[in-house]
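**Q** If you're matching them up, the sequences are chains G and C in order.
Each residue of the first sequence is one higher than the one before, starting from 1 at the first, in the numbering used here.
Each residue of the second sequence is one higher than the one before, starting from 78 at the first, in the numbering used here.
Hint data in this document are derived by calculation from the structure and do not stem from the laboratory.
Hints are not guaranteed to be accurate.
Covered stretches of chain G (in silico footprint by chain C; criterion: 3 or more residues with CB under 8 Å from a CB of chain C, positions within the stretch not fixed) [stated by the list, open to error]:
| # | stretch |
| --- | --- |
| 1 | 3 to 14 |
| 2 | 36 to 49 |
| 3 | 62 to 68 |
All C-beta atoms, glycine included, are put in the ideal place defined by N, C-alpha and C.
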Amino acid sequence: MCMAVPSRVIAIDGQMAVVEAFGQTRRTSLMMLDEEVAVGDYLILGAGGNFAAEKVPAETALAAIAYLAQVLEDGLA
Amino acid sequence: MFSESGISIGLRIRDGAVAAVLIRSTRMVRAARLFAKRPHAEVLHLLPAVFSLCGTAQAMTGLAAMEKAAAITASPAQKAARALLVQAETVTEHGLTIARDWPTLAGGQPRLDHAKRIRGALAGLRSVLYPQGDWLSPGGGALTADCDRICAAIDQARQSITQLMGHDIGELVLPIAFQAWLERDPGHLPGLVRAKGWAGLGAAPFLPMPEMGPPDLAARMATDRDGQYLARPDCAGRVFETGALAHWAWHPLIRDLMDRHGTGLLPRLAARLVALAEGLHEMEELARDLRTEPACSLPGLSGEGLALTEAARGLLAHRVVLNDGKISQYQILAPTEWNFHPEGPLVRTLHGLPADPDLEWQARLLVNALDPCVACTITLE
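The task is simple: from the sequences and hints, build the whole structure.
**A** Written out as structure tokens, the structure reads:
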């Protein structure tokens, strides 16, 4: 399904951010976000990952990451 | 490493046409089974967090399935508030596609300023309706009917969409107005499709999803031990199409276009506009049914429930078995599994297309019209 992996912001350069999730890093645009984004924030990326779609609270992101880690561990990914 | 799920489409060319369409999916259709043994409240909060594009519809469908399992009926005002949030997500998703993806598919630049305005207009509705954040409480959270703010948000979304389209969206889906708009401005994607003679591109036999879902849905989900049905659903061998075209096929504009172009590309694009226009209209209607209500307090939930939601990309189904508030089974059947089924609507649409130089572009347009919720690659083989 269209499961989103919350990605942690590790660097910001203008309207672009470098984000990390499960050891993978990628660049994504922040242009679709209204909220301020800082290093350490968690983002949900849109399909394809070109644009960040939403900033999510750390608690929510960490719960989702823990669930997705279990999905990966159980071979359901 | 956690790979992003996606769909790859291979078009096998023989004798100058697409002879076979091979669809491979890495979507995690069985992942919801890991909700088992978790408290229902934890799952309800995970749903919007782990689904990127349809988090509200996923959460609302899960909530409805749990309420059915526990034989709880939410009040009409709660149902209106939830439907309003799902429609807001649908309007946002279609608006984003039209602002961000359509210009790119037509060879131009995405109109991100419009996309951002549409998204921003409706993004705050959840906290307006449920200021205490309890929108996922079975039976209903503390609902605030601040109709002025809600109507202002809907109006702002309507204005943003009107600016994007260059025409009032409610009028644009009238057949005469749509035709005039197409002829007046060939720069946008529907105009380009008409100008290139691709209005009927991909027309194929039409198997629309029944309004209440497949008649055997409950039985098939309940007996789907290995997840095969969730990955490749069918109904007596038929693979239905779900989404904007199937849902709005009765609309006067879509009927008019389908009379001339079948299930071709132009009716598919127009159906997205109809979904946008009707979604805004329905939101305005739903706002009138809101009432301020306190939150419900409920004991542990037990039972089995199946709930359906017409989400942005089509029919979404959740089935849950609850035991004293804990999940013992959880299944999700998403619209993409119907539309991108190896024997489904996309295959019917692409099969037989002439292998001319525009084939890959045409395939990309048809894929976007059916709107997968994950990244999609197309290769010619």
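**Q** Where does the structure disagree with the numbered hints, that is, which hint numbers, in rising order?
**A** none
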